[in-house]
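Starting from the given sequences, assemble the full structure and let the hints guide the process.
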Amino acid sequence: MKVLVPLKRVADPDNANKVKVTADGKKVETTGLEWKPNPFDEYAVETALRLTEDGTKPKTRAGEVVVVTFGPKECEITLRAMLATGADRAIRVEAEDDQLDGWLVARALKKLVEQEKPDLVLLGKQAVDGDTNQVGQILAELLGWPMATSAAMIKEDGEALLVGREVDGGVINLKVRLPAVVTVDLRIVAPASVYSKLTKADFKYNEGVRFAPLPAIMQAKKKPMAVLKLADLATDTALRIQYPRFEPPKGRAAGKKVKDVAELVDKLKNEAKVL
Amino acid sequence: MASLGQNLYKADLREFAFVLFEQFRLGEILGAAPYESWAEDDVRMVLSECYKFVCEVIGPLNRSGDEEGCHMEGGRAITPKGFKEAFDKLYEAGWKSLGVGHEYDGQGAPRAVTLVAEEMLSGANPAFNMYPGLCVGVGELLETFGTPEQKELYLPRLYKGQWGGTMCLTEPQAGSDVGAARTKATRNADGSYNIEGTKIFITGGDHDITPTIIHLVLARVEGAPAGTKGLSLFIVPSVRVNADGSLGEPNDVVLGGLEHKMGIKGSTTCVLNFGENGGCKGYVVGGVENAGMAQMFKMMNTARIAVGIQGLATASAAYLNALVYARERKQGPSIKKFKDPTAPKVPILEHADVRRMLLDMKARVEGIRALAVKLAMHQDLAQIHAGKDDALAAEHNGQVEILTPMLKAYASDQGFRVCENAIQTLGGAGYISDYGMEQYCRDAKIFSIYEGTNHIQAMDLVSRKLALRGGADLKKFLGDVGTFAKRNAEHPVLGGAAQQLALAQKAVGGAVAAMMGWTQEGKIELVPLYANRFLEMMAETTVGWLLLEAASIAHDRLGALGRQHPDAAFYQGKISSAVYFALNVLPAVAGRAQIMSGGDDAALTIPDAGFAAI
Ligand SMILES: Cc1cc2nc3c(=O)[nH]c(=O)nc-3n(C[C@H](O)[C@H](O)[C@H](O)COP(=O)(O)OP(=O)(O)OC[C@H]3O[C@@H](n4cnc5c(N)ncnc54)[C@H](O)[C@@H]3O)c2cc1C
Chain A
62 MKVLVPLKRV ADPDNANKVK VTADGKKVET TGLEWKPNPF DEYAVETALR
112 LTEDGTKPKT RAGEVVVVTF GPKECEITLR AMLATGADRA IRVEAEDDQL
162 DGWLVARALK KLVEQEKPDL VLLGKQAVDG DTNQVGQILA ELLGWPMATS
212 AAMIKEDGEA LLVGREVDGG VINLKVRLPA VVTVDLRIVA PASVYSKLTK
262 ADFKYNEGVR FAPLPAIMQA KKKPMAVLKL ADLATDTALR IQYPRFEPPK
312 GRAAGKKVKD VAELVDKLKN EAKVL
Chain B
8 MASLGQNLYK ADLREFAFVL FEQFRLGEIL GAAPYESWAE DDVRMVLSEC
58 YKFVCEVIGP LNRSGDEEGC HMEGGRAITP KGFKEAFDKL YEAGWKSLGV
108 GHEYDGQGAP RAVTLVAEEM LSGANPAFNM YPGLCVGVGE LLETFGTPEQ
158 KELYLPRLYK GQWGGTMCLT EPQAGSDVGA ARTKATRNAD GSYNIEGTKI
208 FITGGDHDIT PTIIHLVLAR VEGAPAGTKG LSLFIVPSVR VNADGSLGEP
258 NDVVLGGLEH KMGIKGSTTC VLNFGENGGC KGYVVGGVEN AGMAQMFKMM
308 NTARIAVGIQ GLATASAAYL NALVYARERK QGPSIKKFKD PTAPKVPILE
358 HADVRRMLLD MKARVEGIRA LAVKLAMHQD LAQIHAGKDD ALAAEHNGQV
408 EILTPMLKAY ASDQGFRVCE NAIQTLGGAG YISDYGMEQY CRDAKIFSIY
458 EGTNHIQAMD LVSRKLALRG GADLKKFLGD VGTFAKRNAE HPVLGGAAQQ
508 LALAQKAVGG AVAAMMGWTQ EGKIELVPLY ANRFLEMMAE TTVGWLLLEA
558 ASIAHDRLGA LGRQHPDAAF YQGKISSAVY FALNVLPAVA GRAQIMSGGD
608 DAALTIPDAG FAAI
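So the sequence lines, in the order shown, correspond to chains A and B. Residue numbering for the first sequence follows this note's numbering, beginning at 62 and increasing consecutively. Residue numbering for the second sequence follows this note's numbering, beginning at 8 and increasing consecutively.
Among these hints, one or two may not hold up.
One side of the interface only, derived from the structure: several residues of chain B facing chain A at Cβ under 10 Å [as the list claims (entries may be wrong)]:
id: 1; residue: S104
id: 2; residue: L105
id: 3; residue: A575
Dumping the calculated DMTMM-like pairs for lysine to aspartate or glutamate here, alpha-carbon to alpha-carbon at most 20 Å [as the list claims (entries may be wrong)]:
id: 4; chain 1: A; residue 1: K283; chain 2: B; residue 2: E63
id: 5; chain 1: A; residue 1: K317; chain 2: B; residue 2: D347
id: 6; chain 1: A; residue 1: K97; chain 2: B; residue 2: D95
id: 7; chain 1: A; residue 1: K118; chain 2: B; residue 2: D95
id: 8; chain 1: B; residue 1: K91; chain 2: A; residue 2: E268
id: 9; chain 1: A; residue 1: K290; chain 2: A; residue 2: E157
id: 10; chain 1: A; residue 1: K265; chain 2: B; residue 2: E63
id: 11; chain 1: A; residue 1: K282; chain 2: B; residue 2: E43
id: 12; chain 1: A; residue 1: K258; chain 2: A; residue 2: E217
id: 13; chain 1: A; residue 1: K63; chain 2: A; residue 2: E157
id: 14; chain 1: A; residue 1: K134; chain 2: B; residue 2: E47
The hints are simulated quantities; they were obtained by calculation from the structure and are not laboratory data. In this text, all values refer to a predicted model and were calculated from it rather than measured experimentally. Every residue gets a Cβ at the ideal spot worked out from N, C-alpha and C, and that includes glycine.
What follows is the structure, encoded as structure tokens:
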């Protein structure tokens, strides 16, 4: 199976207080930020690796995992981290962070999918910076491919995938014909959630994403890393989503003490207006 | 709050990048021999992946390893739950091969990079990291001194963690006085030796992690001279190894017992009886007798640097945890509102005395880290210049010699004190096991004792290192500090601090002269009396110097980037630690020089019976 995994770097969510807005409020200051791969995208890469191997022999790859990101040169370190964990090739589409929105990224990805012809596009269900939760869905629509979002389980089943989708109140199981677009949720990296055809059903993975072993980190730079121009993938690069102004979230107001439940209910009803 | 299996370890990756790339300009030596396979991006990625690994795999075993400790079962030592699995994962991930040469499937990283990775491995779990640390230590010794056959047999397996390692010096009557060792070696016709004797306090002397352990044992061949000159170093596997690397019979190395101790409880500390039944075979390292002490010194120098790193690592972990706690714990109002009973309670981070403790910890931790990386850069530069510019290589090696005892002793003494301050920062919680601070403190105490007590380090510095190469290394060191202090005396922000540094540098020079005077005047016993304090003076001067160097870089960066930049607070923090150290710690260097010039000898003249009437 050939899997394409689009991924994004995000400002380190554990260091959110470092995120600043420029003085004119026009954009988020990106210089000097600590970056991390979007966690859901890391899970997507882990899922892709599990789908292209026999779990007992992870060093022998059966299939191809291609990772792609949109961003400036410094994003290559994020791609390399993925190459080190086992992805085969990387593509960086040259762009500045503020030249992109979900609509543009999805259209560019469509073009890339046409060139790369993967059997599966795996994405994180959302990026933890903008939390827009849309690229996978738009891409599937543009491609006219079947789609499953928020996957917590994927099993390869002939030419199709069995996908367990995380929904309110449980899991919905779908059978998805390939080629397809699937976005993944947190529980996809549990020990028994992803099985390729080669992996036996009693095999258990380690919880979470795999580590990049040191030799693989050093060899990752020898793996292919292509650089494309955004204009090669999308003729119309105008943004649909405009951000007129950014401002940091207001600090939380101090709490209030209430003397009894009656007062609490009253405040919830009349002040907070949540009841 | 920590519970079983939760990782407490934290590292500041921004600080690592600053020290390596901005302060010590590691980038300049990457990409060229012998580090041609390394680029800046590699280093950054290796450090962030290593951090992930330690937090997920070995950090969670720190507290549980402490609580469970090691025990004996059927005559064998059993390590805490999870240690064996974590050890296997560590080697699978390859972190212990970072500094190992390419010829042994390692990554040949610069020492400076390996050192920072080691800080994370040690900091996440100091007791655990002893086991793999000894594999590397024994490997490095055999790589330098072993015969080609010994290298071929042992090195690949030690470097891959298939076999364990120890260094066996200490005996009941031979602690600091290594030369008093009595373990005996008797030559056999086949070139091997029979080993007989008892070693105590041996770290990793037995465990259930690897199927054999390669002990390096200091012993005396029959008829060899007394003292250190007559010691030879033997390779003594706990289970014999055949020439093809397969394992044979047990080698009559018997675990006599496990010590119960204050800290690093996940690390076994063993009594080992060699040849109780006449069946313990050893092989002399490099095929030469009576070279044991010189050979062991090689391992000891590496090990002393490693112990300094342990001190630094534990202190850094304690500091960062104390900082996080101080941001969250609310207690009392701000002093600015002391009259207002309704004033909001503030995080203890806002109280002046808590800030003082935190800045004190920060300055010491960062200063010691700079000292350690400086030492490693000298090692790397010595290697780069060796064979091309031998004079320059010798100069770098000379600085390594001077900095090693300082790192070992100062990092371990201060490491313990930083941990103590971290406890104080948390108040009662610091004393409670759940928060992890008291374990850091207990673990850290051993660092000033093993690998040569800190007094042994101080004597190494004053009686050996200062005189090396006719005093040239000391002169270069004092010259470097002096030049820096002079150049920055008028610095708009750091000028006052640089002037304190100049005074400290002068005081160190004066103290050296005082000690030389004592030696000439027949008052030599004053030298050991003041040696520890001298080492501390010199180490504090070094730390003050390197903190100020960092601050001047930070000051320039801040000027270029402006105060709105996300890194601005980081750089301001660098300036604060340097200024704090220069104005609050460095003045005591000159103070101690004054004490030394008084030459008080009360500790020597007090009658033995005068210490107490018991
Ligand atoms: C947990 C642990 C792990 C250890 N691991 C190992 C190991 O793996 N291998 C190994 O070989 N050893 C190991 N040791 C032993 C350790 O190296 C020794 O304890 C240390 O060298 C000090 O020796 P000692 O305990 O005999 O103390 P002593 O030598 O008796 O020292 C007691 C005090 O006297 C001072 N003193 C001693 N001699 C002099 C002198 N000539 N002049 C001035 N002061 C002096 C010392 O500085 C110290 O303050 C370990 C010890 C511990 C506690």
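**Message:** Are any of the numbered hints broken by this structure? If so, which, sorted upward?
**Reply:** 4, 6, 13
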